[in-house]
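Novice: In case you want the letters, here they are:
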Amino acid sequence: MSALTNITLKAALDGLKSKAFTSEELTRAHVEAIEKANPHLNAFVLPTFERAIEMAKASDAKLAKGQGGELEGAPLGIKDLFCTEGVRTTACSNILGEFVPTYESTVTANLWRDGAVMLGKLNMDEFAMGSSNETSRFGPVVNPWKAKGSNASLTPGGSSGGSASAVAADLCLGATASDTGGSIRQPAAFTGTVGIKPTYGRASRWGIVAFASSLDQAGPIAKSVEDAAILLKSMCGHDAKDSTSLDVPTPDWPSFVGKSVKGLRIGVPKEYRVDGMPEEIEALWRQGIAWLKDAGCEIVDISLPHTKYALPTYYIVAPAEASSNLARYDGVRYGKRAEGKNLIDLYENTRAEGFGNEVKRRVLIGTYVLSAGYYDAYYVKALKVRRRIAQDFDQAWAKVDAILTPSTPSGAFALGDKAADPVAMYLNDIFTVTANLAGLPGISVPAGLGADGLPLGLQLIGKPLDESTIFSLAGALEQAAAFKAKPEKWW
Amino acid sequence: MTDVIAERESKVIQGRTGAWEIVIGLEVHAQVSSKSKLFSGAAVGFGAGPNEQVSLVDAAMPGMLPVLNRFCVEQAVRTGLGLKAQINRKSRFARKNYFYADLPQGYQISQFDEPIVGEGEVEVEREDGSFFTVRIERLHLEQDAGKLIHDLSPTESFVDLNRAGTALMEIVSRPDMRSAEEATAYVQKLRTILIYLGTCDGDMEKGNLRADVNVSVCRPGDYEKYRETGSFKHLGTRCEIKNVNSFRFMRAAVEYEARRQIEIIEDGGKVAQETRLFDPTKGETRSMRSKEEAHDYRYFPDPDLLPLVVEDAWIEEIKQSLPELPDDKRRRFISQYGLSSYDANVLISEQARADFYEKAASGRDAKLVANWTTNELLARLTKDGHDIEDSPVPPEHIAELVALIEDGTISSKIAKQVFDYVWAGEGSPKAVVEKHGLVQVTDTGAIETAIDQIMAANPDKVEAVKDKPQALGWFVGQVMKATGGKANPAAVNDILKAKLGV
Chain A
4 MSALTNITLK AALDGLKSKA FTSEELTRAH VEAIEKANPH LNAFVLPTFE RAIEMAKASD
64 AKLAKGQGGE LEGAPLGIKD LFCTEGVRTT ACSNILGEFV PTYESTVTAN LWRDGAVMLG
124 KLNMDEFAMG SSNETSRFGP VVNPWKAKGS NASLTPGGSS GGSASAVAAD LCLGATASDT
184 GGSIRQPAAF TGTVGIKPTY GRASRWGIVA FASSLDQAGP IAKSVEDAAI LLKSMCGHDA
244 KDSTSLDVPT PDWPSFVGKS VKGLRIGVPK EYRVDGMPEE IEALWRQGIA WLKDAGCEIV
304 DISLPHTKYA LPTYYIVAPA EASSNLARYD GVRYGKRAEG KNLIDLYENT RAEGFGNEVK
364 RRVLIGTYVL SAGYYDAYYV KALKVRRRIA QDFDQAWAKV DAILTPSTPS GAFALGDKAA
424 DPVAMYLNDI FTVTANLAGL PGISVPAGLG ADGLPLGLQL IGKPLDESTI FSLAGALEQA
484 AAFKAKPEKW W
Chain B
27 MTDVIAERES KVIQGRTGAW EIVIGLEVHA QVSSKSKLFS GAAVGFGAGP NEQVSLVDAA
87 MPGMLPVLNR FCVEQAVRTG LGLKAQINRK SRFARKNYFY ADLPQGYQIS QFDEPIVGEG
147 EVEVEREDGS FFTVRIERLH LEQDAGKLIH DLSPTESFVD LNRAGTALME IVSRPDMRSA
207 EEATAYVQKL RTILIYLGTC DGDMEKGNLR ADVNVSVCRP GDYEKYRETG SFKHLGTRCE
267 IKNVNSFRFM RAAVEYEARR QIEIIEDGGK VAQETRLFDP TKGETRSMRS KEEAHDYRYF
327 PDPDLLPLVV EDAWIEEIKQ SLPELPDDKR RRFISQYGLS SYDANVLISE QARADFYEKA
387 ASGRDAKLVA NWTTNELLAR LTKDGHDIED SPVPPEHIAE LVALIEDGTI SSKIAKQVFD
447 YVWAGEGSPK AVVEKHGLVQ VTDTGAIETA IDQIMAANPD KVEAVKDKPQ ALGWFVGQVM
507 KATGGKANPA AVNDILKAKL GV
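Residue numbers (the numbering used here), protein chains in the order written: chain A, 4 to 494; chain B, 27 to 528.
There could be a bad hint or two in this list.
Cross-link-like lysine-lysine pairs, in silico, DSSO-like; alpha carbons within 27 Å at most [unchecked claim]: (1) K173/B x K344/A; (2) K116/B x K384/A; (3) K122/B x K363/A; (4) K244/A x K61/B; (5) K262/A x K402/A; (6) K122/B x K384/A; (7) K461/B x K492/B.
What the hints contain is simulated information worked out from the structure, not anything from laboratory work.
Sequences are here, hints too, so could you generate the full structure?
Specialist: In structure tokens, the structure reads:
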């Protein structure tokens with residue numbers, strides 16, 4: 004059955020339409036793959052196979068009549084951050100207990116509208132807080148990739164580690180993910196997959212468990228740039244239930260993949276050359292520049308002077324919002340409750356038992372930076388710097404059409420390597436947070452293998468609402484890189 | 027402003043060490059009249075079963091987001107215009123973070139440093155008819171919390187979220203009231219304005235209008251210094267009193283609190299800035315939390331909501347739709363109908379009263395209609411526990427009654443009788459007059475006959491009245507008695523005078 008799982012979403016959709024196979028066959032192939040791999044990879048925290056088969060059969064009925072949406076019959080994985088009606092949703096936190104939403108997030112509802120099939124809920128860092136998928140209540144996700152000559156279990160990155168691992172291991176044709184500081188792009192880079200975070204406001208946040216409201220955006224992790232374009236198109240669209248949702252049309256992004264990029268101006272920001280960055284990352288970046296030049300792009304050196312403040316700014320803004328967003332998990336109405344002798348006790352016991360250490364750390368940081376006496380020094384200052392970072396980009400757009408950077412400062416690392424050092428962990432997001440702070444679209448494309456045989460990614464950052472251009476550029480990079488490597492199936 | 031201050035009289039409290047004055051500022055929470063909540067589509071209403079009016083947003087389910095209700099914004103703008111206040115073209119919602127079981131989100135969405143409405147003012151009339159101005163500092167929109175119910179079980183508390191998320195307007199005044207009477211007069215006036223505007227029903231019993239009272243005391247002259255300089259250092263330390271939900275409690279709370287503060291200062295102590303709770307059964311205030319224990323609310327702009335921008339054109343549109351406001355109506359009633367300030371105030375205090383009056387006064391003697399409306403009708407309505415809306419006597423009947431007096435059909439005295447019959451449901455004034463034969467006798471022949479009879483029977487009185495014209499009243503009384511009160515008094519007077527030669 005592997006023939007049905009190691010194909011792209013696009014190939015699968017074509018096969019379904021041409022009736023080369025049915026959605027049920029396709030879905031069963033993936034179910035089988037998950038059953039085999041999941042004990043080793045821990046990507047799915049809640050398989051929904053029965054529902055998947057039912058949805059597949061319904062899709063087949065439509066396909067048989069020549070009907071169906073753009074994703075009709077395609078089995079996908081859903082990050083556990085997305086509320087799914089009638090299916091347990093926990094954000095991989097103990098505090099949500101066995102919470103089953105009575106509602107469906109707008110993004111997943113859009114996917115089902117277009118005919119997608121749900122295989123199950125995917126593992127992630129608790130409340131999307133983490134860069135290694137080690138903070139999940141269900142335990143870490145394992146990267147299907149292994150370093151050359153080593154059997155060590157590697158991280159798939161985070162927070163969308165389950166999504167990345169599942170897509171890389173051919174357990175689903177694509178997956179939903181979310182990105183607050185790099186949680187789509189970093190795991191995509193670590194697993195040789197494509198991940199895109201759209202412009203803030205493109206994808207509705209309604210029904211997605213909130214981490215940091217002003218930064219959170221949903222997006223897909225996919226097997227190819229074209230797949231990512233197909234999925235993102237389905238996920239996005241204006242939603243009156245989210246006040247920050249943009250009322251703009253969603254372009255036909257798949258049609259931009261493969262388009263000529265000739266004449267496009269590509270910015271290379273000098274500030275992304277950070278201390279201690281491995282030479283192979285530098286080399287990859289140079290290679291990316293060369294590929295785009297060969298494709299007819301003009302390369303422009305640019306400066307984004309406030310880049311060095313991006314990470315500290317992010318680690319003030321995101322925890323501040325999180326500390327408030329997570330206040331609703333109090334044991335009173337839903338999820339876990341740890342009883343106490345009075346209300347305060349109930350709160351303290353519930354939150355002490357319900358939240359993991361990383362979440363507690365960020366709630367504490369967030370509470371601190373919003374406190375009287377610190378608010379101006381931290382939060383207000385961070386908002387000012389955030390504006391400066393956005394202005395850096397605004398100025399760059401006068402000169403360039405997109406910006407090329409590495410996705411991450413390194414390849415995948417071993418599980419446990421950075422778990423004890425939060426600052427080292429936070430540095431994973433150094434190239435990705437700026438796009439969140441400025442609300443810009445960013446995509447990570449697999450561009451090659453490092454010396455240890457692990458995938459590395461290049462990132463393209465686009466103008467606001469200009470996903471189309473970065474899809475074209477990502478397509479060009481994908482073609483040039485001809486990245487065909489797959490992890491060896493050791494499970 | 028200064029002339030307003032000059033004419034005001036503050037209430038002086040004599041302490042052991044000299045005179046003290048009270049300074050009061052109010053934070054009024056008015057529930058916005060709206061069919062749905064501030065950030066969710068859930069219904070707003072009284073009397074629904076527990077948790078029947080709760081949306082996923084109100085219950086703060088994971089991933090739920092607030093969406094601003096435009097009508098609530100319109101109501102806030104309307105109120106701001108009614109308070110002659112500045113409408114801020116751009117305002118912002120902020121989160122006020124604290125934990126409580128009646129607050130599902132763990133934060134209240136409110137407005138902090140950028141409220142929708144800025145400075146305004148309210149003209150308030152004291153009981154003696156004089157006026158003073160209360161400056162409004164701001165008005166902002168915020169969510170109400172739910173309700174906790176503790177008396178259903180000895181070991182559990184229950185949460186009802188029906189009220190959670192309902193829109194409130196918090197209207198913050200400057201410390202411009204100098205006595206409990208002024209404070210209640212201000213709230214009453216504010217309430218009248220809100221009801222006129224239709225932005226709050228003003229129902230204090232249901233908690234739809236409630237006030238936190240800030241009280242401090244100072245020495246005579248200090249308040250004037252504060253007004254001149256704007257510096258609060260001239261005023262005493264204030265305490266905020268919560269749970270003051272009636273005019274009676276407000277008076278009691280202010281009086282108690284002022285005396286408590288004076289005692290502390292006169293004993294050599296310092297008033298601590300704190301939040302106090304009014305206990306209506308004991309009639310006293312007690313400490314809730316001190317400044318040190320005060321919550322750190324960690325306000326920050328709500329990232330789920332965009333800045334609120336209101337366009338000039340919309341404000342103008344709302345302005346055009348404003349009803350005539352109480353102050354304008356009062357002034358018009360005085361100039362158009364020639365009413366006294368007192369009568370005008372009584373009539374404009376409720377929109378329905380004013381409407382009733384205007385209907386009745388149309389084409390009639392306006393002052394006479396005002397008298398009948400304020401003296402007879404309102405008194406009777408109050409006595410029988412009716413509102414003007416369900417008055418058994420419609421405005422048309424008051425108009426008819428006054429018309430009958432005007433054209434001399436009945437006397438004022440008979441009119442009272444007629445009113446009683448009309449009140450009792452016997453029909454219109456005209457019908458009642460006919461049915462009971464209450465038509466005033468203007469037939470001079472009949473009056474003359476009666477007078478002749480009385481003069482013939484009382485020759486001594488006829489003699490006496492020639493030296494003592496005041497005694498004419500006795501004859502008038504006799505004639506009225508003889509005619510069953512129906513004789514036209516003016517005619518009786520004239521004929522008597524002629525016949526008696528006085």
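Novice: Each hint: holds or not?
Specialist: The hints, checked one at a time:
1. K173/B x K344/A: Between K173/B and K344/A the Cα gap is close to 21 Å, so the pair holds against 27 Å.
2. K116/B x K384/A: Holds, at about 22 Å.
3. K122/B x K363/A: holds (20 Å)
4. K244/A x K61/B: Roughly 18 Å separates the two Cα atoms, so the pair holds.
5. K262/A x K402/A: Given that 27 Å is the threshold and the Cα spacing comes to 21 Å, the pair holds.
6. K122/B x K384/A: holds (20 Å)
7. K461/B x K492/B: Violated, at about 41 Å.
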